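Build out the structure end to end from the sequences listed, making use of the hints.
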Amino acid sequence: MTEAPVTTTTPTTRPTAAPGRPRARRRRLVAWVPAALVLALAAFLWPTTWGGGTTLVVVAGHSMEPTYASGDLVVARTGTPQVDDVVVYRPDGVDGYVVHRVVGGDAQGGWTTRGDNNGWDDVWHPTADDVVGVVRWHVPGLGAVTPVLGSPLTWVALGVILAGWLLWPARDLTDEEAAGAPTP
Numbered sequence: 000m001t002e003a004p005v006t007t008t009t010p011t012t013r014p015t016a017a018p019g020r021p022r023a024r025r026r027r028l029v030a031w032v033p034a035a036l037v038l039a040l041a042a043f044l045w046p047t048t049w050g051g052g053t054t055l056v057v058v059a060g061h062s063m064e065p066t067y068a069s070g071d072l073v074v075a076r077t078g079t080p081q082v083d084d085v086v087v088y089r090p091d092g093v094d095g096y097v098v099h100r101v102v103g104g105d106a107q108g109g110w111t112t113r114g115d116n117n118g119w120d121d122v123w124h125p126t127a128d129d130v131v132g133v134v135r136w137h138v139p140g141l142g143a144v145t146p147v148l149g150s151p152l153t154w155v156a157l158g159v160i161l162a163g164w165l166l167w168p169a170r171d172l173t174d175e176e177a178a179g180a181p182t183p
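Residue numbering for the sequence shown follows numbering that gives the first Met the number 0, beginning at 0 and increasing consecutively.
By construction, these hints were calculated from the structure, which means they are not laboratory data. Model, not experiment: these values are computed from the prediction. Some hints could be false.
To be verified - Derived Cβ-Cβ restraints for the label pairs, each shown as a range:
1) VAL37 with ARG135: 43 to 49 Å
2) GLY140 with GLN107: 44 to 50 Å
3) PRO33 with GLY108: 44 to 50 Å
4) VAL138 with GLY163: 24 to 30 Å
5) ALA156 with GLY108: 28 to 34 Å
6) GLY163 with ASP105: 48 to 54 Å
7) TRP119 with ASP94: 19 to 25 Å
8) PRO33 with THR126: 38 to 44 Å
9) GLY70 with LEU157: 42 to 48 Å
Built from N, CA and C at the ideal position, the CB exists for glycine as well.
Next comes the structure, spelled out in C-alpha cells:
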C-alpha cells in the first residue's frame with residue numbers, strides 16, 4: 000500500500016479586517032489632522048508673556064494710518080528689526096505698546112521710530128530689550144478678539160474640547176451598516 004502524497008494549498012486572498020474597521024481607523028486618523036493644525040496654530044500664536052514668540056496688539060490711535068487703522072489686530076513675532084520694519088515695543092514708563100516703523104538706528108544705541116502718519120520721530124529710542132516683536136501680519140478691524148485669545152481660560156477650554164474630541168471613542172460600523180442595510 001502506497002501513501003498518497005500530501006498537498007497543501009495556500010489561499011490566494013488574504014483575510015481582511017471586519018467590514019467597517021478600516022473606515023473607523025480612517026475616521027480616527029482624519030480627526031487628528033485638524034487637532035494637529037490647532038496645536039500648531041496654538042504653538043505659533045503662543046504669547047511672549049507666556050514664553051512664546053508672538054505678541055498680538057490692537058492698534059489704538061491714528062499714528063500708523065494708512066498702514067494700520069485704530070482697531071486693527073497686528074501679529075508681531077520675535078526677531079531683530081531692520082530699518083523700515085514696523086515694530087511693537089514697550090517704552091520705559093509707558094503702560095502699553097507702541098506700534099511704529101523703524102526709520103533708523105540700531106539695537107545697541109536704540110532705534111529711531113515714527114508713526115507713518117506722523118511728521119516727527121518718537122521721543123523714545125527702543126533697544127533690543129524694549130522691542131517685543133516685528134509686525135508680520137495684520138487683520139483689519141479684528142482687535143476685539145485679542146482679550147479672548149490672551150485669556151488662559153480660552154486656551155484651557157480649547158485644550159479640553161480638543162482632548163475630548165480626540166479621546167471620544169469612534170464607533171465601528173456594524174456588519175449591517177457596512178453592508179448598506181438601513182439602521183433602525
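A quick look at each hint next to the structure:
no.	hint	result
1	VAL37 with ARG135: 43 to 49 Å	violated, 20 Å
2	GLY140 with GLN107: 44 to 50 Å	violated, 37 Å
3	PRO33 with GLY108: 44 to 50 Å	holds, 47 Å
4	VAL138 with GLY163: 24 to 30 Å	holds, 29 Å
5	ALA156 with GLY108: 28 to 34 Å	violated, 45 Å
6	GLY163 with ASP105: 48 to 54 Å	holds, 50 Å
7	TRP119 with ASP94: 19 to 25 Å	holds, 22 Å
8	PRO33 with THR126: 38 to 44 Å	holds, 41 Å
9	GLY70 with LEU157: 42 to 48 Å	violated, 24 Å
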